[in-house]
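Student: One-letter residues, chain by chain:
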Amino acid sequence: MVQKLGEKLLADWLSGSHITFKNEKIKKKYSANAKRIIDTIKLKKTDRIPIIPCATQKFAFEYANATYKDAMYDFDKIRTAYIRQYENIDFDAYVGPEFIYPGGMFDALQWKRLKLPGNHLPADRPFQFEEAEYMKADEYDEFLDDPSDWMIRKYLPRLSPKLEPLAGLPSFHNILNYYHGLHDFTFAVADNPGVLDAFKALAKSGKVVSKWYDHLAKFDQEISGNYGIPHLLGGCSHAPYDVICNYFRGWRGAISDLYRQPEKMLKMMDRLLPWMIDYGVSSAQSTGNPICTLYIYKGADSFMSDEQFDTFYWPTLKKLIMALVDEGLMVWVFTQGTYDTRLKYFAEIPSGSCLIHLESGSDIFKANEVLSGKQCIEGNVPNSMLANGTADEVEQYCRKLIAECGPGGGYMMDFSAFLDEARRENIHKMVEVTKHYGQYGLDGRLKQQ
Amino acid sequence: MSELTDLIADLKEQEALKLVEEMLEAGKEPNTILSAARKALDVVGERFEQKYYFIPDLIFSGELMAKVASLVKPKIQTSGNEKETIGKFLIGTVEGDIHDIGKDVVAFLMEMNGFEVKDLGVDVPKSVFVNATIEFEPDIIGISGLLTNVFDDIRDTIKAIDDAGIRKNCKIIIGGGQLDESVRKHTNADSFTTDAGIGVQQCLEWMGEK
Ligand code: B12
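Protein sequence lines, in the order shown, are assigned to chains R and P. If you want this note's numbering, it's the 1-based position in the first sequence plus 664. If you want this note's numbering, it's the 1-based position in the second sequence plus 13.
Isolated chain R, as found in the complex:
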């Protein structure tokens, strides 16, 4: 039988084959951590409930007195911050600043609809993006007719003044007409020096990205290699409905489309689906990680009716997850907001293939009932408690989570949302409580109550 991509990635990831470990002990620790995580996702017996950080931001930056601005510009400083965090707090897995993009990538293109810290915002604020109608209500057909052409000649010029000249190029599919299309095309490039400038701006942006790639690539060696903590975040993808809301129509625009042109929306989602599958698979491959992350946005309980969820959100999301699982990948579904009524849907996916993150808005105890024996759940420790509560409160809350969700496995301890403000002692307490009360005996039962 041919080995699936996910299986190969999993084997490499479990063994840490690309990492040079500091010593044998660290290597063993890495393997034990990695195995614990995977066994928990696969609903197998393990030695203990894992404790993972879905992501840390400001909380991590403070280890090097860094700001959100530094995170986007001063890569060495921010890497130091994360390394110190993991040196100080012994999580079972690590997540770095993968979603804090390099500021220079946007600056070179004068990217619009994005406010950056230290420029449009105070240095200690996260970058902010705006949802807008990047694609107008009447442009579905144009997009569907030739999506990539539309992206290059319409979408990019709208988002970046530096890329506006691309709007003047003739349609790429014209190149097929004898050599007429070719002469039209090359002439348009020669006739418009802006096109060259646009590519120069792209290259300038790309040079920053290249440094950022180098920076991210150092994390595995630094954190996995020195502390035995495996990387949890690999590839990523997006639910097609969210892509339309977040990148094309804005939530408001998308909402109108639900009523005014539902068929076009559905067609567009079908068109996006193979791209999303493709990106999920190829990004897993390039990061060498068997867990593909899907942050999900606009499918929350109050964000649409059950009927709308059944029609617009779930079908393409399910196909996407199934395609990733078919490749042997595991899927980290990161729900945001309240998803109580949606969780049952994940029972339709083969058991033990998803890791479902829950924020404090969802009822994790109910989720545990609904998904027990089907998918692994994690998260829920309220960030407000971590910021303002006492270590005692955190201990009580975590012990309750362990007692309710721990039996039978398939559960990981994690915060509710990306961590900004939090008392250090509260995070230490979370880790300590999980490592103490989260241990399983050989019979698979929790050792302590």
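If you are wondering where the hints come from, they were derived from the structure by calculation, not from laboratory data. Small disclaimer: the values here were computed from a predicted structure and weren't measured. Even glycine gets a Cβ: it sits at the ideal position worked out from N, Cα and C. The reader is advised that the hints may include incorrect statements.
[To be verified] Chain P is faced by these chain R residues, among others (derived, beta-carbon under 7 Å): (1) Arg-789; (2) Tyr-923; (3) Phe-967; (4) Asn-1052.
[What the hints assert, rightly or not] Subject to a maximum C-alpha distance of 27 Å in a straight line, what follows is the list of computed DSSO-like cross-link-like pairs (lysine-lysine): (5) R:Lys-800 x P:Lys-31; (6) P:Lys-64 x R:Lys-800; (7) R:Lys-928 x P:Lys-172; (8) R:Lys-686 x R:Lys-668; (9) R:Lys-692 x R:Lys-709.
[Claimed, not checked] The following label-pair restraints were derived from C-beta to C-beta distances: (10) R:Met-986 x P:Thr-207: 41 to 51 Å; (11) P:Gly-134 x R:Ala-1067: 42 to 52 Å; (12) P:Glu-62 x R:Asp-878: 45 to 55 Å; (13) R:Phe-793 x P:Asp-208: 21 to 31 Å; (14) P:His-199 x R:Ala-796: 26 to 36 Å.
Dock chain P with the ligand against the given chain R, drawing on the hints supplied.
Tutor: Frame of chain R, contents of chain P with the ligand only:
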């Protein structure tokens, strides 16, 4: 209920707009049309509170209403639709924050519950809140804030209102998904909520006490 009220309440845009045009052509009183449309929004609000309608339904009904109004307004001679209101409500999303869906839901429900609503939009600087409070003289000020890092901006906005000496005549309620009692204390608001319905109840209670 009139046919128009039903059509809008059921979010049937094309049929509703067609009917409005027919009614206008037949010489129907524009204000009757508007009040039928308003009644429909009451129904939408009720359905939302009963969890039969969801956020998209609410947002879309707002759009529908705007379309109806744009068809009807040119035909109105007098300023029209003087509706009895029970109080004045000023709302905006705090500086630094551009989330507006929750704010719009609240503004919508407050209007349905009889308040005259003034909406300052998003990313509202504290000076704008202060000036609007002086001009509009609201009974209640609502501040929306969804990001944890704007809690200090909420506090500063409320402090500016305090410092301007215009707080005594009004109550302040803050709302947003990340809020809790500790944020209310920190910002010195009179009340907080993470749920529009509960917020509206609180405002109605305040008006009852007046
Ligand atoms: C949609 C959305 C966006 C859209 C906003 C579109 C729009 N037009 O509003 C966009 C994409 C622009 C956006 C941007 C950002 N967002 Co945002 N966004 C959301 C999301 C998914 C939904 C918010 C929403 O509309 N909810 C629906 C409404 C109805 O709920 P609500 O706002 O809570 O309102 C209810 C109550 O709170 C109450 N209420 C609200 N206001 C008021 C006011 C009064 C007076 C009263 C009485 C009641 C009341 O009534 C409402 C109905 O019950 C939330 C996650 C979530 N699940 O909530 C994140 C979220 C709020 N965003 C978040 C973040 C971080 C951001 C960004 C910084 C992301 C980025 N890096 O770009 C930017 C910031 C932009 C800015 N300056 O504000 C975080 C905040 C985390 C934190 N701890 O601060 C959240 C929680 C996501 C997350 N889980 O991390 N976002």
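Student: Verify the CB-CB distance for Met-986 of chain R and Thr-207 of chain P against the hinted window 41 to 51 Å.
Tutor: The hint (41 to 51 Å, Cβ to Cβ) is violated, given that Met-986 of chain R and Thr-207 of chain P are roughly 35 Å apart.
Student: Assess, step by step, whether the Cα of Lys-692 of chain R is no farther than 27 Å from the Cα of Lys-709 of chain R, and give holds or violated.
Tutor: holds (19 Å)
Student: If you draw a straight line from the CA of Lys-64 of chain P to the CA of Lys-800 of chain R, is it 27 Å or shorter?
Tutor: With Cα atoms ~31 Å apart, Lys-64 of chain P and Lys-800 of chain R exceed 27 Å; violated.
Student: Given the range 42 to 52 Å, decide if the beta-carbon distance of Gly-134 of chain P to Ala-1067 of chain R lies inside it.
Tutor: Between Gly-134 of chain P and Ala-1067 of chain R, where Cβ atoms are some 47 Å apart, the hint holds.
Student: Going by Cβ atoms only, is Asn-1052 of chain R closer than 7 Å to chain P?
Tutor: holds (5 Å)
Student: Min Cβ distance, Arg-789 of chain R to chain P: is it shorter than 7 Å?
Tutor: With a closest approach of 6 Å, the Arg-789 of chain R hint holds.
Student: Does Phe-967 of chain R meet its interface restraint, that is, does its C-beta lie within less than 7 Å of any C-beta in chain P?
Tutor: holds (6 Å)
Student: Measuring from beta carbon to beta carbon, are Phe-793 of chain R and Asp-208 of chain P in 21 to 31 Å?
Tutor: With Cβ atoms ~27 Å apart, the hint holds.
Student: Kindly confirm whether 45 to 55 Å is satisfied by the beta carbon distance between Glu-62 of chain P and Asp-878 of chain R.
Tutor: Between Glu-62 of chain P and Asp-878 of chain R, where Cβ atoms are some 54 Å apart, the hint holds.
Student: Mind checking the alpha carbons of Lys-800 of chain R and Lys-31 of chain P for me, to see if they're no more than 27 Å apart?
Tutor: holds (24 Å)
Student: Per the CB criterion, is Tyr-923 of chain R less than 7 Å away from chain P?
Tutor: For Tyr-923 of chain R, the interface hint holds, since the closest Cβ of chain P sits about 5 Å away, which is under 7 Å.
Student: Tell me if the straight-line CA distance from Lys-686 of chain R to Lys-668 of chain R falls inside 27 Å.
Tutor: violated (31 Å)
Against the hints set out earlier in the document, violations occur for numbers 6, 7, 8, 10.
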